[in-house]
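Colleague: Each chain, letter by letter, is given below.
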Amino acid sequence: MTEYVELRCHSAFSFLDGASQPEDLVERAAELGYRALALTDRDGFYGAPRFYQAAKRLAAARAPEAVARPSKKIGDAAAGGGEQESLKSWPLKPILGAELSLEGGVQLLVLVERREGYRNLSRLLTQVRLDAAGPRGGKVAPVLPRALLAANVEGLVALTGGLEGAIGRALAAGDGAGAELALSELVELFGAGNVYVELQRHFDADEELRNRELLRLAARAGLPLVATNDVRYGRPEDHRLHDVLTCARHQMTVDEIGRRLLPSHERYLKAPAEMAALFRDVPEAMRTTCAVAERCAFTLADLGYQFPDYPTDGETVQEHLERLTWECARERFRPRTSKGGRKVFCLARI
Amino acid sequence: MLPARSPLDLAELRTIVQRSTRALPFTPAQTGLAAIDEALGGGLPRRRLTELVGKRSAGRTSFLLAVLAAATQRGEAVALVDVAGMLDVRSAAAAGLVLERLLWVCPRNLGPGPEDTPPGRQREGEWLRRGLRAAELILAAGGFGLVALDTGEGLPRVADATWLRLARGAERSAPPGAVLLVASASRAAGSFAAVGLELERGRVLYSRSHASLGPDAGEACGERRPEGLSGSMRVNGAPMDVERMPRLAAGAGARSREAPPPLVRGRAVSLKVARSKLGTPPGTVPVTWRLR
Amino acid sequence: MRIACVAVPELELQALVRADPELAGRPLAVVDGRAGRRTQEVTELMMATVGAPVAVARAGGGGGGVATVTSVGGRAAVPVVARAAAPGLVTRVRAVSEAAYAAGVRAGLTVAQARAIWPSLEVRPADAVQIAAARAALGDVGLSFAPKVEVEGAEAFLEIGDLGRLFQSEREIALGLAARARAVGLSARVGIAASKGLARLAAWAGDVEDGRPRGESLRVVAPGQEAAFVADLPVALLRPSPAVHEALERWGIRRCRDLGALPIKEVALRLGNEGERLHRLARGQSDEPLRAQPPEATIEEGVSLDFAIYELESLAFVLRGLLDRLLERLQGRSLACAALTLRLQIEHRGHDVREVPLAAPTRETATLLELVRLHVARRPPEAGIVGVTLVAHPARVRGSQLDLFCPAGPAPDRLAQTVARLEALVGEGAVGAPRPVDTYRDEAIAIAPYRPPAPSPLPPSGGETARGREREGVAATDVARQPLARGPEEGCLALRRFRPALEVEVLMDGGRVPRALSGSDLSAQVVVAAGPYRVRGEWWAAGGFARDYWDVHASDGTLYRMFCDPAGRWFVEGYYD
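Residue numbers (my numbering), protein chains in the order written: chain A, 1 to 350; chain B, 1 to 292; chain C, 1 to 577.
I should point out that these hints are in silico values taken from the structure, not numbers from a laboratory. Hints may be right or wrong, so weigh each one.
To be verified - Between beta-carbon pairs, the in silico distance windows are:
| id | chain 1 | residue 1 | chain 2 | residue 2 | range |
| --- | --- | --- | --- | --- | --- |
| 1 | A | Pro224 | B | Arg90 | 46 to 52 angstroms |
| 2 | A | Gly174 | C | Pro449 | 33 to 39 angstroms |
| 3 | B | Leu164 | C | Ser120 | 21 to 27 angstroms |
| 4 | A | Lys139 | C | Asp438 | 25 to 31 angstroms |
| 5 | A | Ala132 | C | Asp438 | 44 to 50 angstroms |
| 6 | A | Gln251 | B | Leu164 | 56 to 62 angstroms |
| 7 | C | Pro449 | A | Glu284 | 53 to 59 angstroms |
| 8 | C | Pro566 | B | Arg90 | 19 to 25 angstroms |
| 9 | C | Pro21 | B | Leu164 | 46 to 52 angstroms |
| 10 | C | Pro453 | B | Leu164 | 32 to 38 angstroms |
Ideal Cβ placement from N, Cα and C applies to all residues, glycine included.
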């Protein structure tokens, strides 16, 4: 059976540009047999907790013991590792990501690969939102400066995007050289292994034309291809809600909205077989989706509190603490008493 | 005090000034396609009837829109008498036509229209008659740089006297002098055209991954018209043999790795200066029309 | 100050003749206005009774009125009791034409009496709409010469002091005014003098027969000649009120000279303000101010018909007359018709008001007539038409400044006429500048009024550059050859549409890809099919639309663009050409 993971998916938390709640998306994805799903809302993480909880509930419903909260140990390098371990057995892995608005109105999709990526992305989003808060509580459209992005790319994976991406934009304008330049910039920023050339197919001639160029660019740059469906709603019939939301975003009635709506109603979560049929000429793009999902190991389960590192001269933190305790105890309770013994016992309990 | 003058006087004055500055008042209208201009000796002749003939998909409309676009970009007012209502506004805009400068007249009434005319061929004849009359009116109005008349799909049957009137209308058109361009599926204006252009179909261009096919691949591979249809479909009373169809591209069922679906990108045609009363030597220019 | 007075004798009558030129020269009487046919019934009833002193008993319950006819044709009054259709209504002749007057018909008679005198007398009710139109037309006559015009009753006054530059003499102005009035269908008397009152006197003076001014006249009272001019006029021409007139008669004052000779104080004492005013006028010193009225925003011409019209041709005949008069008035004011409102009075159904949009302002009768005709033909009224009114919304004819170095566009007025003619030829909504519509239904096309923008001042014209190079010493031919270096020419492939899309049958390959198509005008196998391209939308409106587009290279060598609708029907939208 073909496997496919949707890596570009808006929830309703992309304000007026997504028609489904994270829970619905998770439910639908599970129905379709997805092993993972990325939630990539616009300039934000807002949907992440509900997305994670939905995935967790799903896992609990399928196999209750898998989600039992394990005990944690101090100093464990990957705190929450227990849940992390158990996630492997979750039916649907909730991957985190976001669509970032860059200068010039282009979008960039990043997925969180590692914990550090999460930290970086959080920092980026926080900064963008702070910058976007105008005077007297007003807001301007968030724009992420390139320099800020460049300083915070560690642990993130980038997808080139469709028409809204820098490369798609250049291709639509017939600027092949510009597209190549944009792609090489992206590779420079994220590193060769962390950039995927994204193909979308919504039965659109212009889009398909761009795909041809993208195929050529990817081959020349030696970059992997990845298929996405740029999902805006879970089920096909939800397109109506999305159309209405689009009208609301443009503050227009359905009669005025015209070509601002999407021309086709294809941006739902598609079954892997359906996607495979669409991308039958580039099967590797389908395979890559699973590889990317595999790569993006980080989930909100990794968010357990981690103690700050403490310089310990080669000992473990536990040894260090025990040693310090004994040293102090010796000083305070010169004669060895039963109290000191109790402290050792106490320490062991921590 | 100067007596009030009408704009017409100024137009006359302008003509006089133009004549006196040695620049011919009726420089040919450039088509925007340099090689064609070259073959035409500078462009389409003003105050003359030029006939453009091309069958389906031979680039008649593309050429028409290109010429109209070039004229509107020069700032001229142009008119298109569109007998069959074939104009695709998006194509026109893509061709660079400044739509505000285009006077579109569609004798085939699209909405509720003049009183009913008989159906079928007769009705088409009526559209054509109205179209010819409209072209005459526009020429008489003056001030248009280009008046194009597209006679539609059918074979235009027009009396010689009508062509003569049209040609005269063009000759008398006020400055800048109108190019009268008549585009049809077959020759119609005959000897009333000062220049006759003929279009020939060339290859169809596909996206990179597809070999472009010959001028009339269908004709090369089989018959010009299918002999009939099989199954439930019957056309012209006869069944068609589907198996004899050429299998050239998508859906050909390659097992190993399917080719990406084909994309039509454009069409190559050749434009022939077939006849000219203006001393233009005959010649052929290849043109590629690309989808934008 | 020089004031011209354009006076229309028998305005009610002239209004009728103006609306129906066939009446000109015929014996005609205008009667009190009411619905025409009712008047006629009454007339016929009375025809039977007139001539002999017959008393007609009041018909029971008929609601009829009784009226007495006091005089017939100057003979001794014969008391006649007539039955009228409405209480107290007897229609009296208000004005008569020259021919009728010559025959002895006089104003004040009842219709029956008049008919008795002249049986073939045309009797028409005064038509308020027509009279208003005639009065407005009179105003337009003035407006075509001066901006400030006062219309009072059947007279129009205008200040002509500034017209000296355009006309050689005041007589020419007077001639011009009379000609203009004739053009709008009125025969007018023109007087020019130093003041409003004197101008009125000048207009009405002379050519009087039995106290009835005859025909047209022109009179210019030169400055300084006012007193001499007025002196010989009868005082009745000063229009004194009946009481004052009677007093003057009693005093034996017949001519203005006599009145002017009286001491002003005494006249004022005995005849009050009016006497003082008349006295001043009689001495040639009047200074009544001109109360100019703003010109009307719309120009209206109407007619109510005696018989209901059911056919388009008859309506067209009526419309032509209305349009002629309308356009003549517009012409006089250098205006064109920018929009037209047609008000049809429908039998038993009130009014049917229609706006006839015009692509551009025009002044051509044929064009406007054709447009109105088409408009009515498209939506014929439900019943007979008993009244027609046309209202023109005028607009200035655009002038434009031409640029010596830009391509000259079409002259605005000629363009306007041409567009209107084209619309009349091919129908509304098929002439203009096309615009794309903001929808995924690509066949949609919007038509905007054709108003080509002025060309940019520096067109990249080949002629211009060639000339420039010539000055620099480069042969023009070299410039022309330069573009040769470029390779095969490229342009934009256009779609040629079928309107409406052609329905075809399509044979699918494995239910997926079209393999053959056949329709009424085409039949071919598919060589290459590219697609599908999916377009969906407008689901909120009546089913919306959903199409799967294909670009199809067919065996006949044509590149078709076709689509399949959700019902599985196929249409060829057009071909790439």
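Colleague: Determine for every hint whether it applies to the structure shown.
Modeller: Each hint tested on the structure:
no., hint, verdict
1, Pro224/A with Arg90/B: 46 to 52 angstroms, "36 angstroms, violated"
2, Gly174/A with Pro449/C: 33 to 39 angstroms, "34 angstroms, holds"
3, Leu164/B with Ser120/C: 21 to 27 angstroms, "54 angstroms, violated"
4, Lys139/A with Asp438/C: 25 to 31 angstroms, "28 angstroms, holds"
5, Ala132/A with Asp438/C: 44 to 50 angstroms, "30 angstroms, violated"
6, Gln251/A with Leu164/B: 56 to 62 angstroms, "58 angstroms, holds"
7, Pro449/C with Glu284/A: 53 to 59 angstroms, "56 angstroms, holds"
8, Pro566/C with Arg90/B: 19 to 25 angstroms, "23 angstroms, holds"
9, Pro21/C with Leu164/B: 46 to 52 angstroms, "40 angstroms, violated"
10, Pro453/C with Leu164/B: 32 to 38 angstroms, "34 angstroms, holds"
The structure fails to meet hints 1, 3, 5, 9 from the earlier list, while all remaining hints are met.
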